[in-house]
Amino acid sequence: MPAETLTLAKALNTGLRTALERDPKVLVMGEDVGKLGGVFRVTDGLQKDFGEDRVIDTPLGESAIIGTAIGLALRGYRPVCEIQFDGFVYPAYDQIVSQLAKMHYRSQGRLRMPIVVRIPFGGGIGAVEHHSESPEAYFAHTAGLKVVACSNPADAHWMIRQAIASDDPIVFLEPKRRYWEKAPVDPDAEPYPLFASRVLREGTDCTVVAYGPMVRTALDAATASANEGGRSLEVVDLRSLSPLDLGPVFASVRKTGRLVVVHEAPGNLGLGSEVAARVQEECFYSLESPVLRVGGFDTPYPPARLEEEYLPDLDRLLDAVDRTYAY
Amino acid sequence: MSVADPGPELIQLLTPEGERVDHPDYSLELTDGEYRDLYRDLVLVRRIDLEATALQRQGELGIWASLLGQEAAQIGSGRAMAPQDMAFPTYREHAVGYCKGVDPLKMLGLFRGVDQGSWDPRESNFHLYTIVIGAQCLHATGYAMGIQKDGKVGGDDGEAVIAYFGDGATSQGDVNEAFIWASVFEAPVVFFCQNNQYAISEPLERQTRVPLYRRAAGFGFPGVRVDGNDVLATLAVTRAALDRARQGEGPTLVEAYTYRMGAHTTSDDPTRYRIASEVEAWKLKDPIERVRSFLHKQQLVDEAFLAEVEAEADALAARLRAGCLAMPDPAPSAIFDHVYADGSPELDAQRESFARYLSRFEEAGTDAR
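So the sequences go chain by chain: A and B.
No gaps in the numbering here: position 114 of the first sequence is 114 in our numbering, and each next residue is one more.
No gaps in the numbering here: position 49 of the second sequence is 1049 in our numbering, and each next residue is one more.
So that you can see chain B by itself, here it is in the shape it has in the complex (with noise of 0.2 Å):
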């Protein structure tokens, strides 16, 4: 079996067409409401995305992460956290985030360039972007740590984290440090890996020789491989494993089988090394028209409601574009702001002679810039 087949270990629930499917160990009840408020989450994010990929492509961002194809894995694992549960990113996350409930527009300032995360992590339980591919999961494992030590496992009142990452994480070291530190002190720690077969260029294959969720047997704690397409599926497992970990059984690894529709970044150039007919197959397996079908053939919504989801997700894009353009450049001086939480007269000095050094323009009437 290639690494790269999803398999018959697959766990699915609602198949591409659109058929709600019975798996033996995950079960989802939810009501019609909550069906279209899935279908409604995922049309906003991808709405999000594609607004952002605009904004880029129009200058107004330099770069952008886009999830397309992965909304599913996102809303199905975003959604299965409780309020306490923390999440820590890597830097495609964006409907993660908004189930965080974060203002997707300070999400985009990372990548306009204005901040380097404006959200705080300690109101949304979303910690901020990590670009160091794989550095995020020990800070979740020593997080996830924090929570046992608070006494907020195995209890009502537990807490349980879930570290994202992607199939080329999993060759980095940080990446297999966490699982140990997690396996070995029982953290109550989900380590979402989302597959989407491609580290910006380099296929699965590159990085593995066995199915990424068998990794975790070897590591001390089960791993599974859920439909990451699969929104219902996504969000079964994940709840089920955010559970495990609240009841201090330890961590899970879920696989999260899907694929990147998109490039990598808006700087990426997919046609190099994937062909096209892999890209139209995938296309079949598209997390939000199974849902859209699913909702269609159960009568759960109208051609009002549908309409009405399109009209929000306008107006999201509306709003986001809007407050993207309105997004002001940093003062000069916030180069040197919150370096150190002690302060640092150092800093305050090179600040006051950088100030002095621009007055000088100012007064001459030059910029400069």
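Chain A extracted, bound-state conformation (with noise of 0.2 Å):
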């Protein structure tokens, strides 16, 4: 198959697709998941193509959308869940969190919870509550659970395969703003490996680490900078916030001596806490600069007309790059 020009949402809905295709025990269960093709049409046509029994329209319960893969992983299956929005995954957090993360550790490794929750996180759609929250750091601080967040439809494309592929339960994350972006997307291509961070954009000034709906704002502000004579800005996606691979951070720390780490979640022990706390065990004598955080303000999401304001953006992001040249 050569390569095609897809959204991210499409990406995701081919990736899908292929899973369902080569593997009889997937299943994909959710909240209008079905006849619907899910509030974000990323499982458009999936239903009507793999029926009813492994495409499940489910009942409204998050926690028993979680609870029941659990019970169908433990009989063989791979349920890929769909949480309908962020702000909606809460109900099953504890299903999530002392349930699946534990099941592997708890039973000495007899039982396996081969679980996708995919989730659309982020905000920036002009959404009402609950709908733009970045839940990532719960998760990441569970330990049993893998997190994941593609940023562009070649890795959604590629992350939801080997998301699936994998025996270990992870809650994967959608930027669902980017959701309808378009890149090409090569079906028979060698696929990165899922938990590893990548460095999109060379430079030699600072380095700037997003995930997810960030990382577009990270070209974006790489660009800027660049075309303006500024500074050369190195960009590493995350990609996995849990395991994190920072080994290119610090490679990348090391060469320009600054970082900026930058994600819409609150910055308050957010992952770029944990990533500032690394990097500074790590490349201390490298550092030209404090590591810095730009995130969203330590408040709850606001509402819509004020979200511009909260969510970083290329200019805080670029303030942010001046500032570590103030030490």
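Think of the hints as simulated: they come from the structure by calculation, not from any bench.
Values in this document were obtained by computation on a predicted structure and should not be read as measured data.
Ideal placement from N, C-alpha and C gives every residue a C-beta, glycine not left out.
Here are a few chain B residues that face chain A, going by a calculated C-beta distance under 8 Å:
#1 L1138
#2 T1141
#3 I1180
#4 W1181
#5 A1341
Build the complex from these two chains, which are given one at a time in their own frames, with help from the hints.
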């Protein structure tokens, strides 16, 4: 199959389709994933082609979506659960954190939980409350779970396939405001490893670490900075939030001496804090300035008319880069 | 009618006095040997429980959740299961685990603090204990949905699932969601509620305004209330519910009406919330005494048989005690084992770092702990 230009949502759809085709144990389950094809159409057409037994419109109950997926996994199935929006995952939090994450550990490795929990996350779409949140730190903090975030169509296609093939439970975060961005996807290409971060743009002056929706922002900031004859930014896409693959970040920081971490989630105890802590442990003598974090404010997600102010953007990111030069 | 009143709908096949009675909907034909086997089961699991309680009192277990008084509910339902049927227990179903062939010694590990469940649920069809109240009902329902997808309902090779939970759990969202899922998908699962009248200190009236078995009607499947201290009725009712599930007719709620004779766990003090006369009244409904009385009346047992069962219980208790005392603490490095199926270089590094840290104390001849 030749490379096709797909939206991120469609790239996920083709990834799910491939997984359903290749393994009869793969199931897709969630609210409105069947006939409707999901509120973002990520599962569009899958129930029509794979049947109601494999693409399951569930009753409304997030805890039960995950809880029954656990039972299905115990029976040998590989459920891909959709949580409709980030802010709706909390009723399932107990099943994810207390049951799903710990099953392999407490069973001494006897019981595997090959379950993917897909969550559209982040803001920027003008939504009402509970539809724009970034809950990744809650899950990245939990041993037994893995957490990944795709940022572009090619990664979306491959990462969902790789996540479904994994025998560990994975929280799969989809940058909902990037669902409609297009890029070529080659379903026959050699995929990049799932749990690996990746340098997307090389630079020499300052490293910018991002994931999910902020990767586009970071790349745009790097372009703007270069165009304005300013600083040369190196952009690293974390891709995996747990485990963190910080080797490429350390290498980058040893080169640039400066690091800014950006995410939509509130800065307090966010992923940026962990990255900063580990970078100062590993790259202490290479750092020219403290590691700076750019995030959402430590507030609840605001009403949509304020989200442009709340969300980190190109200017706030470049402002932080400037501040690393104040030292 | 009080929600705690067993009421006329209580299904019973053996009275507390040991009289065999008929029920229009449930019959049970057992051989003499099968009656004796049930008696033996009841005696052995009570002995397992008493020995574990003693081990806790002597500091060998951190805590124990006693099944005293609930032997018939667990043996009746446990023996109703076919080998291929799957059970999802709470943390009190030691007698169900016994029925499923799990070594009772392994059920002590969690309470001794050496593991979190060391039996293989895939071999025994007895899932690991679940401590978060009600969470396992969703796992049971999902597993039952998997049975359907495997085409193992409606035929001769049918399989079914039992979800165990208590009266307190019926207030949990997960249990109610499990009822809805199982009903909507017609999943082959039996919801087996041991109503032992108390959720730690809270009486049934704090959980419900209607008898629990009646809740099933609102979810669209049958609910029945059985005398949980009557092993024969529990066996008959659970067997019928499992058959129904296997035939593809969907879930059933079985409320096994019983009483927790002991404390919630060895850390609990029930004298703070219930009166002695209540416990005394339930002693007259003891699940084992009525079977013994029945066996005597029917002349199905002699003193030699009863002595033989006692001797077997003694031997089992002695084996449990010796096995418990011999259970080693896991190695410190076990902290890091099995977090991920696909392994973790990060945790491998933490394991090595911790081992190096501990080895410094060994070199210095001191103990890190």
